[in-house]
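Each chain is listed here by its residues.
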Amino acid sequence: MEKETFESKVIDFLSDRMNEAEIKEFEKFLNDHSEYQVQFDALSRTWRGVDGIEVPEPTENMDVRFFEMLQSEIEKEKNAKDDSESWFSKILEGLWKPQVAYSILLLTIGLTAGYLMNADTSSVPMKTTIVGNSETEEVREQLVLTLLDQPSANKRLQGISEANKISKVDETVIKALLKTLNNDPNVNVRLAAIASLTNYLDNPIVREGLVQSIIKQDSPIVQVTLANLMVALQEKKSVEPFRTLMRTKELNESVKEKLETSIKSII
Amino acid sequence: MHALTDNALMLKVKSGDLDKLGLLYERHKKRLFGFFYNMNRSASVSEDLVQNVFVRMLKYRHTFTGEGSFLAWMFRTARNVNHDYYRKHKNENNQSELSSIEYKLEDSENFNSDMDKDDDIAILNRAMQKLPHEKREILMLSKYKEIKFSEIGEILGCSEGAAKVKAHRALKDLREIYLQMEIR
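Residue numbers (my numbering), protein chains in the order written: chain E, 1 to 267; chain L, 268 to 451.
Among these hints, one or two may not hold up.
Within a straight-line C-alpha distance of at most 16 Å, the following computed EDC-like cross-link-like pairs (lysine to aspartate or glutamate) qualify [to be verified]:
| no. | chain 1 | residue 1 | chain 2 | residue 2 |
| --- | --- | --- | --- | --- |
| 1 | L | K287 | L | D273 |
| 2 | L | K297 | E | E60 |
| 3 | L | K281 | E | E77 |
| 4 | L | K410 | E | D51 |
| 5 | L | K326 | L | D286 |
| 6 | L | K296 | E | D63 |
| 7 | L | K287 | E | E77 |
| 8 | L | K357 | L | E401 |
| 9 | L | K412 | E | D51 |
| 10 | E | K249 | E | D218 |
| 11 | E | K168 | E | E141 |
| 12 | L | K410 | E | D16 |
| 13 | E | K216 | E | D184 |
| 14 | L | K415 | E | D16 |
| 15 | L | K296 | E | E60 |
| 16 | E | K175 | E | D149 |
| 17 | L | K281 | E | E73 |
| 18 | L | K412 | L | E427 |
| 19 | E | K168 | E | D202 |
| 20 | L | K297 | E | E54 |
| 21 | L | K439 | E | E4 |
| 22 | L | K439 | L | E401 |
| 23 | E | K81 | L | D284 |
| 24 | L | K297 | E | D51 |
| 25 | L | K297 | E | D63 |
| 26 | E | K258 | E | E240 |
| 27 | L | K281 | L | E334 |
Derived DEER-like restraints, expressed as beta-carbon distance ranges [unchecked claim]:
| no. | chain 1 | residue 1 | chain 2 | residue 2 | range |
| --- | --- | --- | --- | --- | --- |
| 28 | L | L446 | E | Q37 | 14 to 24 Å |
| 29 | L | D315 | E | D51 | 18 to 28 Å |
| 30 | E | E75 | L | D315 | 21 to 31 Å |
| 31 | E | K24 | L | H356 | 43 to 53 Å |
| 32 | L | H350 | E | D63 | 21 to 31 Å |
| 33 | L | R343 | E | D63 | 17 to 27 Å |
| 34 | L | E334 | E | A21 | 21 to 31 Å |
| 35 | L | A429 | E | S34 | 20 to 30 Å |
| 36 | E | K76 | L | D315 | 15 to 25 Å |
| 37 | E | A21 | L | S311 | 44 to 54 Å |
| 38 | E | L111 | L | H329 | 44 to 54 Å |
Source of the hints: derived by calculation from the structure; they are not laboratory data.
Please read these numbers as outputs of a predicted model, since none were measured by experiment.
Just so it is clear, CB atoms sit at the ideal spot from N, CA and C, and this is done for glycine as well.
Looking at chain L on its own, in the form it has when it is part of the complex (with noise of 0.2 Å):
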């Protein structure tokens, strides 16, 4: 159990004592670094969008009210920042998606034993990949149960249920995508 909740420690950051946004970082690194990487598929691409969340909440630490979650105003920011990424390396993606997925077989089969199950995981990477931005991006918020489904809603801009709906959506594509991969 924390001894300071999140929304204590960026109250702290907030007024002025900076110190405590290395307690936040350290409890939300991998979180972080899971999101962008499940986004964009490159590790050395998702540190540094960990770097600019990071810096993006002090330099923006004034509009933290401490009202609504913690997670929820952080994942907010690193959405605002994966959203700037995309738009300066539209044309770049592409290539990056592909060195991306080799870079995640190597890692397969270092790790893996079972090969059918490489192969699975292997084609659901790709199946990602080829799931579009806002509902890859959807996905991986709902896999942070923390994060409430009214708070996603915040984040995309709809409602609790219209999150959840798109939320199953997303899910439904990328299994077809799946399927349609797996056929070939």
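Bound conformation, chain E alone (with noise of 0.2 Å):
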């Protein structure tokens, strides 16, 4: 056993913090080893030397003061706590005070007023929003006019989406979208004009305008679009139309299929 381990167990035997299977462990290598059990005997009578130094009692003064201190410890933490419990009473003791109680009266009698007098008003605001809607309305039917006479396609497509944004349209706006429909030379802005004429399906003259723009289309997809919608809305009247547009020389082959197929799919 090395020097260090020895030393270790003889005070870990010492001091009682062996267990049963390390005390026989170690009393076993004691009997084996003379020379180590030899050592072990001195320091033995040496720590129950130890264990037989007396130490007196303390006295009941020790007590004393140590539960003096206790109680001024405790009581100086309920002060405390009861110091930042005072510190909100206060602010509510004052609260209760003649004049700031008057103050709040005030500010409460004010506030009431205030709220009644806006409740009062708040019927002109709405008001003034209807006048204003109707007003916003007009202004862009006449931006919607004017962007669709503009030069520039993105302008007249501004104008096409302008008109989307239009909850009422008026006949002006509708005949200037189907104008657009049938004369503008840019594909995408007619193409643009047919779904936002799609919005005011109920209105016989989008109906009648968009039946009428048939045989003025010469663009293949527009062609196509057209004859998609005329077969989604069943209508009849876009037969004799379509059967006109067919007998054109230029058609394109797949569109007259498409027309054939829509034909006779509307009747």
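Take the two lone chains, each set in its own frame, and fit them into one complex as the hints suggest.
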């Protein structure tokens, strides 16, 4: 056994920190090694001697002082808590002073009156909004008409986009949109016009305008879009214009087939 | 068996239930007093130091995590209190040691009829006082088997094995001093 291991085991044994198996093993080791047994015996006597050193009992005075100290600490802690609570209660107390109470009362009256006055006038801004809205619609219709007359295709597309924002369109705008569908040189603008007009299919002018527009279209994509729309609407009035269109020599073969199918599904 | 462990009580103290420190005091006052008495041989000083330990435990209760044992934490505090006392009263120590030994001898005469045993204890007492401070300290801590050596290592700032070897060497030194004194 190494020296340090032996030293550790001596202390574990003497200080009663060994379990039974460890005790047996250590006792066996001491029996087998007499030189270690001598060292152990000598230290064991000294250890017992230290145990024998008597320590007097502490006096009652120690208890008295301790509990006085503890009591004073508990009170200090309690006072600190009370202080923080009283800070809040002081504020509350302050609120009950007559001057502060009157101020709060006046403030409450002011706020209530303000609220009621606001409630009375609340209908005025609503009316204003309605008026404002109709004014805005008028301005927007003018804007649509102006934009659709612009030479730039982007501006005309912007015009159609503005028309889509109008909840109830004027006949003038519908006519302008139909005019765009029939005459605009740009295919995208014409397609956008069809999309915009589909918002007002309840309007007979729109439906009639779309049907009459069929024979005026030379772009295959616009022709197919209108064919799809007529099929969806099951618009029988569109059959004749489609047949007229089919008789046109320049008509794209695919479009012709598409129109044939459309006519069949409408009939 | 204690209804609440030391750790549980100290955690209650930490959370503001200061009353529980009274229970811890009752459990450990004698052990702490014995530790200090064996270090300084003065009953009145030891009583003061026990008080200081509990004052410090209250002050630094927020540092108690409950992870280690309460005993180890308490003795770490006790050791710091003892060191502070020694630093402050360095010059007075020799004188107090002498008066304490006399006090101890009187105690022995009162309580022990066996003169040889009294002599042995008196010599061992004197030998203890000649033992360097830190060696006396580890011998005293080793006596409390409730504290694991790993915790003693923590208190002293060394490993468990080193703490055991230190305790062994302190005991060996004490024996040598005792033998020298016995020969005289």
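Going through the hints against the structure:
Our distance criterion of 16 Å between C-alpha atoms is met by L:K287 and L:D273, whose separation comes to about 10 Å. For a cut-off of 16 Å, the pair hint linking L:K297 to E:E60 stands: about 12 Å separates their Cα positions. Restraint check: the Cα-Cα separation between L:K281 and E:E77 comes to about 12 Å, which is no more than 16 Å; the hinted pair holds. For the given pair, L:K410 sits about 8 Å from E:D51 by alpha-carbon distance, which is consistent with the 16 Å threshold.
Taken as a hint, the L:K326 and L:D286 pair is honoured in the structure, with Cα atoms around 14 Å apart against an allowance of 16 Å. Between L:K296 and E:D63 the CA atoms are separated by roughly 9 Å; this keeps the pair inside 16 Å, and the hint holds. Of the pairs offered as hints, the one joining L:K287 and E:E77 holds, with about 14 Å between alpha carbons and a cut-off of 16 Å not exceeded. For the hint pairing L:K357 with L:E401, the CA-to-CA distance comes to about 15 Å; that is within 16 Å, so the pair holds.
At most 16 Å may separate the alpha-carbon atoms for a hinted pair to count; L:K412 and E:D51 meet this at roughly 13 Å. Between E:K249 and E:D218, the direct Cα distance comes to roughly 11 Å. Compliance with the 16 Å bound is thereby established for this hinted pair. In summary, the hint linking E:K168 to E:E141 is supported, as the alpha carbons are separated by about 10 Å, within the 16 Å threshold. Of the supplied pair hints, the one linking L:K410 and E:D16 holds, its CA atoms being roughly 9 Å apart against a limit of 16 Å.
Proximity of E:K216 to E:D184 is assessed by CA-CA distance (about 11 Å); at most 16 Å being required, the pair is judged to hold. Restraint check for L:K415 and E:D16: the C-alpha separation of about 11 Å stays at or below 16 Å, so the hint holds. For the hint linking L:K296 to E:E60, the alpha-carbon distance of about 11 Å falls within 16 Å, and the restraint holds. A C-alpha spacing of about 13 Å is found between E:K175 and E:D149, which places the hinted pair at or below 16 Å, so the restraint holds.
Restraint check: the Cα-Cα separation between L:K281 and E:E73 comes to about 13 Å, which is no more than 16 Å; the hinted pair holds. Distance hint between L:K412 and L:E427 is fulfilled; the C-alpha atoms sit about 14 Å from each other, no more than 16 Å. With a CA separation close to 12 Å, the supplied pair E:K168 and E:D202 stays within the 16 Å bound. Taking the CA atoms of L:K297 and E:E54, the gap is near 12 Å; set against the 16 Å cutoff, the hint holds.
Of the pairs offered as hints, the one joining L:K439 and E:E4 holds, with about 13 Å between alpha carbons and a cut-off of 16 Å not exceeded. Simply put, L:K439 and L:E401 have alpha-carbon atoms about 14 Å apart, close enough for the 16 Å limit, and the pair holds. Proposed proximity of E:K81 and L:D284 is supported: the alpha carbons are some 13 Å apart, at most 16 Å. Proposed proximity of L:K297 and E:D51 is supported: the alpha carbons are some 15 Å apart, at most 16 Å.
Distance hint between L:K297 and E:D63 is fulfilled; the C-alpha atoms sit about 11 Å from each other, no more than 16 Å. Using a Cα cut-off of 16 Å, the hinted pair E:K258 and E:E240 holds, with the two alpha carbons roughly 15 Å apart. With a C-alpha separation of about 14 Å, the suggested pairing of L:K281 with L:E334 holds against the 16 Å cut-off. The beta-carbon spacing between L:L446 and E:Q37, approximately 19 Å, falls within the hinted interval of 14 to 24 Å.
For the hinted restraint 18 to 28 Å between L:D315 and E:D51, the CB-CB distance of approximately 26 Å keeps it satisfied. As the Cβ distance of E:E75 to L:D315 is approximately 22 Å, the hint placing it in 21 to 31 Å holds. Judged by the Cβ atoms, the range 43 to 53 Å given for E:K24 and L:H356 holds: they are separated by roughly 47 Å. Between L:H350 and E:D63 the Cβ separation comes to about 25 Å, which falls inside the hinted range of 21 to 31 Å.
Range check, L:R343 to E:D63: about 24 Å between beta-carbon atoms, so the 17 to 27 Å window is met. At roughly 29 Å, the beta-carbon separation of L:E334 and E:A21 lies within the given 21 to 31 Å, and the hint holds. Taking 20 to 30 Å as the suggested C-beta distance range, the pair L:A429 and E:S34 conforms, at roughly 28 Å. Range check, E:K76 to L:D315: about 21 Å between beta-carbon atoms, so the 15 to 25 Å window is met.
At about 46 Å, the CB distance of E:A21 to L:S311 agrees with the hint of 44 to 54 Å. In this structure, E:L111 and L:H329 meet the distance hint of 44 to 54 Å, their C-beta atoms being roughly 46 Å apart.
In this structure, every one of the numbered hints holds.
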